[in-house]
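In order, the protein sequences belong to chains U and A. Our numbering numbers the first residue of the first sequence as 1 and each following residue consecutively. Our numbering numbers the first residue of the second sequence as 1 and each following residue consecutively.
Hints may contain errors.
What the simulated footprint calls covered on chain U by chain A, stretch by stretch (three residues with Cβ under 8 Å from a Cβ of chain A suffice, anywhere in the stretch; the number is not a length) [stated by the list, open to error]: (1) 60 to 68; (2) 96 to 107; (3) 136 to 148.
Simulated restraints on C-beta separations [claimed, not checked]: (4) U:G214 <-> A:W219: 54 to 62 Å; (5) A:L58 <-> U:F13: 41 to 49 Å; (6) U:F13 <-> A:S46: 25 to 33 Å; (7) A:S46 <-> U:K205: 39 to 47 Å; (8) A:F42 <-> U:E16: 55 to 63 Å; (9) U:L212 <-> A:D120: 31 to 39 Å; (10) A:E218 <-> U:R74: 39 to 47 Å.
If you are wondering where the hints come from, they were derived from the structure by calculation, not from laboratory data. Glycine included, every Cβ here is placed at the ideal spot set by N, Cα and C.
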Amino acid sequence: MLRVDVTKQLGEFSLEASFESQGRVTGLFGASGAGKTSLINMIAGLMRPDRGVIALDDETLDDTSAGVHVPPHRRRIGYVFQDARLLPHLDVRQNLDYGRRMNRLAADPAQFTRITDLLDIGNLLDRRPGKLSGGERQRVALGRALLSKPRLLLLDEPLGSLDEGRKEEILPYLVRLRDEGIPMVYVSHDAAELRQLATQIVMLKRGRVTALGGVKVLT
Amino acid sequence: MFDISPAEWIAILLSLRVAIIATLVATPFGIALAWLLARREFWGKSVLDALVHLPLVLPPVVTGYLLLLSFGRRGLVGAWLADHLGIVFAFRWTGAALACGIMSFPLLVRPIRLSIEAVDRRLEQAAGTLGAAPWQVFATVTLPLALPGVLAGMVLGFAKAIGEFGATITFVSNIPGETQTISSAIYSLIQTPDGDAAAGRLVLISIVISMGALMASEWFARRATQRLHGN
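Okay, chain A solo, but in the shape it has when bound (with noise of 0.2 Å):
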């Protein structure tokens, strides 16, 4: 049963690879964009706060088919940094990390828009009397406090893209050592006969990979409260 194929150790390490790329580039645009939404008031602001989390209720499949239009070799922005700056998307890993990425945001962003919001905004006037200007009140006083939320955000960004399914096999498809995740290659598995097994031995992995993040997702929220409370 625990004898798995290097093919099967390739969807796994890709996975990992994928979800762990999309989970540290998506990152620094998810504190930004957690900031903005619980610290600034400006025009437009429930409008970007609905778009952060359409990926969440748009089906999967609709997301992916958008990416492909515009992230696609003839697509507008696909076709612009091909040419310029030599990044392609399309049927690549790399576009599978986009994928996730994209589909993972809105639970990254949660935690962390949470933890920024539970930071006591006198603790950032405090600062302000005492010096610093505000990117160093936030560099100082808003991240610090933050991290364990911006830590289990991650986290629960990171289980998400591992098991994204929809919107990667619309995207980039389904191809060995390239494309072909955990959950791509269990769809191709439970497809063929005599897959089973191996889609067996992938599911238990995804849920050990998924639980475990969820575990430490709470560990680092739990951290988070006692931080604050300054012991």
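Okay, chain U solo, but in the shape it has when bound (with noise of 0.2 Å):
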């Protein structure tokens, strides 16, 4: 279960979110500029809200309150970002291997060859970062994301920069990974790709929860 109550005071935004979820996939739904990566950025620990609470299952992440804030690389919730941010000086394999190495997991070849086969990247391990396409790199972004073995797992418009062609390229193997059971928070202004992929929605506008619910409150 994952529960937000913060606020936070960005320039001249304010965002005052608070929701409580316990769907598998919950999906993160509002306009650009409604703060959508801004939550997710202080879900991850990347930004730290100016009041609230985070936590996830029977963990506090932040509480400005009791001065709790666990930084972003002890949180284990997993991020992809819309540009991939594949790291550029290694190759495929590296990057799907960088959170083992860095949570000093001991290597799990059967695991390893199951989210390369999932994603179909198996045939990209030894390229750079530099020399894929932008789905290619997106599936690389999801498996190294999902190799660092993360309790939750945050996608901000993974099929954001990628033109509707590519989009359609990749959907399918995000149902493939709500299938896996990781929960998912899911970021998107498209309410027909999170009709296909969320079980929860949450409606943000303007740095306000607006509605939350099943998928039918994107109608």
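Each of the two chains sits in its own frame; use the hints to bring them together as a complex.
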């Protein structure tokens, strides 16, 4: 379970959001500038709320009144960025292995093969990120986040930088991912995308939560 | 013309040793300082920044004199180091290395700082979400991506160190075989009658070394851009 109740002032823009989610895939829906990315940056620990609480399952990740702030690297929350952010000096295999190495987990070749098969990236392992297409890059970013064994996966418009054809290419992989069972927070401004993926919707408008519930709130 | 005498060889090898040691010892400090200046905000940052650049604008003789006052036998730091650690800088080649290290420090730090600033912080954030602690982010993302800049800084620092004259001669004098580098050897030679040919040879050698270093530095800097673009 994810519990968020935060306020954050960013220049003129104020974000005041509160929601709880039991859903396997929480869809964070809103127009650009609604505060979606700021919100998941706070869940990831990359941005600190001015006031409030963020908790995942039984663990408090942020609690400003108690002075609690767990740094990003100790949250075990995976993050797939819109721009993939693969490490350019490492090849695909090393990118995929990065989280495991940093967390000092034992190598798990079976899981590695399973994820690379799931995402069809087994043939890219020796390439550098600079030599990948946009869709391939995004699939590697998904694999990299998954292989760090996160408790929660954040996806910030993972299809946002792709054209229509490429979106159709990635979407089936995201559906497969959902069926893997890792809880996800999926950020999008595209209602159609969320209808296919989300089990619960948090609607955000100008920094405020305006609706909560099943995918039917999207209509 | 190209008969390099044993005395000249001694000066050349000493120069190389002084410049290499100065660069190697200064580099870890340079990386730490470059990182601080590129990535951290703290009180007194502009003062520290100015201090690092000071040897670049101060007359070298002033830097040398300040070194003599602080690291000389009776200097505060020099006396302590000699008594407690047995390290002596005054009129030794180690003193020449210290002077060269300090004089070349601004040139060493600058390319490193620029290359660290050019590393995309969003990549560092991504590494953090994958479980990398800040020191791991530095070791596995920031430093590797800035490495060509580090090498460029080292080469540039080396080139400056090997040509250093004013601070070195002020601090450790001009003792053949101990503190007489190429620069101070040239200085001595042009003050002696018939020294022109020998001075000419050393001038030519120092031009070759400096040109080579500058070209290597440029090459490393170009590599840095390529690396950041993921090819």
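### Query
Has the region 60 to 68 of chain U got at least three residues whose CB is nearer than 8 Å to a CB belonging to chain A?
violated (count 0)
Taking the Cβ atom of F42 (chain A) and the Cβ atom of E16 (chain U), is their distance within the range 55 to 63 Å? For E16 (chain U) against F42 (chain A), whose Cβ atoms are near 32 Å apart, the range 55 to 63 Å is violated.
Does the region 136 to 148 of chain U contain three or more residues whose Cβ lies closer than 8 Å to a Cβ of chain A? Answer holds; 3 residues pass the 8 Å Cβ test.
Next on the checklist: Verify the CB-CB distance for L58 (chain A) and F13 (chain U) against the hinted window 41 to 49 Å.
Outcome noted: holds, 47 Å
Is 31 to 39 Å respected by the C-beta to C-beta distance linking L212 (chain U) and D120 (chain A)?
holds, 35 Å
C-beta pair G214 (chain U), W219 (chain A): status relative to the range 54 to 62 Å that was hinted | holds, 60 Å
_When I compare C-beta atoms, does the region 96 to 107 of chain U have three or more residues closer than 8 Å to chain A?_
Coverage by chain A holds for the region 96 to 107 of chain U (4 residues, Cβ < 8 Å).
Checklist entry - When you take the CB atoms of F13 (chain U) and S46 (chain A), is the distance between them in 25 to 33 Å? => result For F13 (chain U) and S46 (chain A) the Cβ distance comes to about 31 Å; the hint holds.
message: Within 39 to 47 Å: is that where the Cβ-Cβ distance between E218 (chain A) and R74 (chain U) falls?
response: holds, 42 Å
Is it true that the C-beta distance of S46 (chain A) to K205 (chain U) lies inside 39 to 47 Å, as the hint says?
With a Cβ separation near 43 Å, S46 (chain A) and K205 (chain U) satisfy 39 to 47 Å, so the hint holds.
Hints 1, 8 from the earlier list are contradicted by this structure; the remaining hints agree with it.
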